[in-house]
Every structure is written in structure tokens, then in C-alpha cells.
Amino acid sequence: MKTDITIAQEAKLKPIGEIAAGLNLSKEDWEPYGHTKAKLSDKLLGKLKDQPDGKIILVTSINPTPAGEGKSTVTVGLGQALNKIGKKAVIALREPSLGPVMGIKGGAAGGGYSQVLPMEDINLHFTGDLHAITSANNALSAIIDNHIHRGNELNIDPRKVEWKRVMDMNDRSLRQIVVGLGGPLKGVPREDGFNISVASEIMAILCLSTGLEDLKARIANIVIGYTYDDIPVTAKELEIEGALTLLLKDAVKPNLVQTVENTPAIIHGGPFANIAHGCNSIIATKTAAKLGDYVVTEAGFGADLGAEKFLNIKSRAGDFEPDAVVIVATVRALKMHGGVAKDNLKEENVKALKKGMENLKKHTETIENFGLPFVIAINKFPTDTTAETDFVESWCESRGIEVALTDVWAKGGEGGILLAEKIIDKAESTERDFKRLYELEETLESKIRKIAQTVYGADDIEFSSKAKKQITFYEQQGWGKLPVCMAKTQYSLSDNPALLGRPKGFTIMIRELRPSIGAGFIVVLTGDVMTMPGLPKKPAALKMDVTNDGKIVGLF
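Numbering-wise (the working numbering), the sequence shown opens with residue 1 and increments by one.
Some hints could be false.
[What the hints assert, rightly or not] Straight line, CA to CA, 27 Å or less: simulated DSSO-like cross-link-like pairs of lysine-lysine: (1) K12 with K87; (2) K290 with K87; (3) K186 with K236; (4) K538 with K88; (5) K342 with K538.
[What the hints assert, rightly or not] Here are the computed distance ranges between Cβ atoms for each label pair: (6) G534 with R150: 34 to 40 Å; (7) K351 with E213: 55 to 61 Å; (8) I177 with N155: 20 to 26 Å; (9) T547 with D50: 48 to 54 Å.
Calculated from the structure, these hints are not laboratory results. Ideal placement from N, C-alpha and C gives every residue a C-beta, glycine not left out.
All chains, full assembly: derive it from the sequences and hints.
If you want it as C-alpha cells, here you go:
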């Protein structure tokens, strides 16, 4: 069995100009980044404004295992399948972060014969977008500390600086640090910390902005901290929004690549879904919708995280509605939710599978609550038995749920044709009654409660004393009408990663809130979720290398 990287390196890529020509793009609409990558013009979406929109298909999943369940693989495979049956499809994905690439997952460009290419570039530095975001974030940190050191005209309280530094790597030792040590010439000592770059508010701003002007306005609204009198201080008051926008002038442009089967893919932005809003950029999704009959896009982790934020935050900010949803499920993840240990997932266990179906059932109910039609995609793994996949299919069919056994890892687009046919039927003919879970006019507590009870299935929510004070303060500042972005473990519907399946009788603990006023939402941290992950005992990076002739090995 060939590895992902072997399949990727054997694929026949077209020059990126041919991919652009297939989308009817002129030479002014894109600029090459080598032979197989391109940046799309930041003016392209405006140029296409009078074009009709294609159907938007959102791909989400059940709660995953630590290695992921192939949601990106299904997204790519579905896009390829749609093209195989004569539909013009464009894929829209997020950019991978080096943290997971070097940590557990090893990559996020799909897998097998359903990958976006060149996967080595996409999984590593790509076109430099994440580095630009990291630079802009840390430039703001440098300006904050310099302002305090140079007399602190804005009266910033060093103890109340909310803005954190970032890096695009998992590094638990940087979660909490002290800066400015070494005497008067070295700065003013204060506590600080690092988040991973994909959790930066600047990443969220890039993904939720509609262009360069909107990007600058959002950056100006970033709240970096508070004065000694608890008055919010913004990036605009530091007069830095222009310089930060300058650093992002190329990063705001979406990236065009292709799949193993030469289907066009737009990859742009990469916020995590467990600690950020988990969706690729509005610019990328809306551009893809203008260029194709169908855009297939994904939102990170399960429907309790990425899909909820796609539907409550991203689609609201972008003023669009999805037409249908794919919920990806795997036999191995369902068995894990049924009580099987990670090391035993390759063994047939229909009994555990039956118990684990409760997790899938909850995610179908979540999508139903949004009023959207959906299809279950069983992402087939080589270790799945016929008895197991037959059971999942019969479970769905007995409940009137459309289901498609999907083998896109091994067969590419051919393995996703059944899914493509079923999702077309849902997108074209099914009545939609799309509704978001909450109105913006509701209180922050009401929004949090609705998500916890409707999406997670919690009995109740509990606020720490800090969170209670923050809610009161935020609503006094006029921030109470913003959407909420929940930060929660991806492995469980609850805030406890050990509670698998469909837990009952639990309470969601709201630990802390953080303002992301530039992005346009309030981050709500639950349980013990971290905004700077750590590496596992044996990171995937230990198996990666490059040969003397420049060939990358060990990336998957």
C-alpha cells in the first residue's frame, strides 16, 4: 500500500496556469508562486460580484480520534467526484499549521488519492501566509512593549495586556512566560505568553475579512489590553493598523492549487476549530462559489465545533447560507466512542459500534437544528469489515438518513461518486429552513447556554467567578451583541476529553472569556482547553527527513 507522500510525488500535476485557465481566470487575476501554486488577486472577488453563486457544501464530522477521521480527504474526494460526474466543482480548505504537522497528525492536505498538491509545500511553509500572520501578531506585541517602555502615554496597565505572542508550533513551555527582564534598558517586566499562530486573532481577522480595507478596519479594533482605569486600549490607539495590514498584503490573497486529479482547490487561512473558529477564509469560500457550480468546503473537527462556528459565525459574517452538509463518520471513531481502546480499533466490534452510534446521532440532530439537509459519509478505512460498514448503513437507512460508503482515499473521485450524487440531490431539491441557533441581540450567557445545551447536549453551564465578571464587563463595553466562539476539546461533546460517545448529565464549565473585537466575536474557554498545544511523547517530526537530492520523506 502506497503512502500519502508517495502518491503525491507520483501524481501528474498540471502547470498552475492551466488550472487558472480552467476557471476562466485572466492573467491579471492570479500570480504564480512557482510552477504549481498561485496567489489569486485580492480584487478577484469584487470582479466576480455579478456572477451567480454555486452551491455551498459544508463537510463536517463526528468527534474525531486523535489522528483525525479524514474530513479533508472526504472534502477533496467529493470535489473530485463532482467533477467526474460533470459538475464544475472548486474545493476550499484551510492551510495546515506546523504544530499538528510536526505533532500528531503529520499533515492536513487530505490523503491517498484525495489530496491537494503539492502536499509537501502545503503542509510546510506553503506561500508564507502563516508566517505573515505570525509576524504581524508579534509586531503588535513589540509595539505594545515598546510603548510601555517609552513612557506609556496610553496608560496601559502591564498586568492587563491581553495580547499574546504566537508561533506556528506546539510548545507548551511558552504558555506562560515573563518578558522585559534584565534591568531598565531591557523593558518593563510583565507576564506574557504564547498562543499557537492559528489561534491568533489576526488569523481570525484574515479569515473573516472581505478585503484589504475591511482587514485594516478589523485590525484597528483589536483590544490589546486595558488601562489602569480598566478602559480598553485598541491597536488603532497605538497607530499600528497600517503597518500590520502592510505585513498581510499578500497573505490576504487566496492560494490556488490542485488535487491529485487536477480539481482546482483554493486554500486560505487556517484557524483551529477547538480554540478558534475553524474555517477557511470568507474570501476563499465566496470566490470558489463564484468560480464553480459547487464549492466543497470543510470546518474543523466535529459538528459541535467547526460546523457550529461556520454556521453561527462565518456564514453570518460572510452573508451566505450553505446548501447541504456532509457529516463524515468512520467505523474506527464510532468504535472508540463505543468504548474500544485506541490500540484495538482495527479489530471487528459491531457491539461497540452500535453503542458509538449515539455520537453520530447527536451530530445529525445538531445539523437538523440548523434546518439543513445532510448526508452521512462513511469514510472507509482498510481495516473496516463488511459487517461494520453494513451496520452503519442499515442504522442510517432505518432512520431515513441518506448515507454513502465513501472510499476516496483508495479510489479518489471514483470512490466518492455515490456521495456526490446524494449531496447534489440534497442541495438541489431539498427544502431548506436555515436558521442560526441564536440572535445577536441575545446576552452572552444566552448564546453560550444555547450552544452548550443544543449542540453539546449539556444539562447546564457553570461560570467561574472570573467569567461572571468578564461577562458583566464585556456587556458594559457594548460587546454583548457579538457572536461567541467556543473553545472546547474536540474529542468529546462535553468539555472533558475522556467522556466519549454521547455523555449525559454533564455541565459545561466556562473558565474564562477573551475579547476578539477585531475578529468580531468573544472567545469562550471551557474546561482545560489550551490555546498553545503541546507535542506528544514521540512527535511525527521524528520520522521526517529530506534526502540529499531534496526529496521529502516521512510526511503523511
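Checklist line | Hint numbers contradicted by this structure | finding: 4
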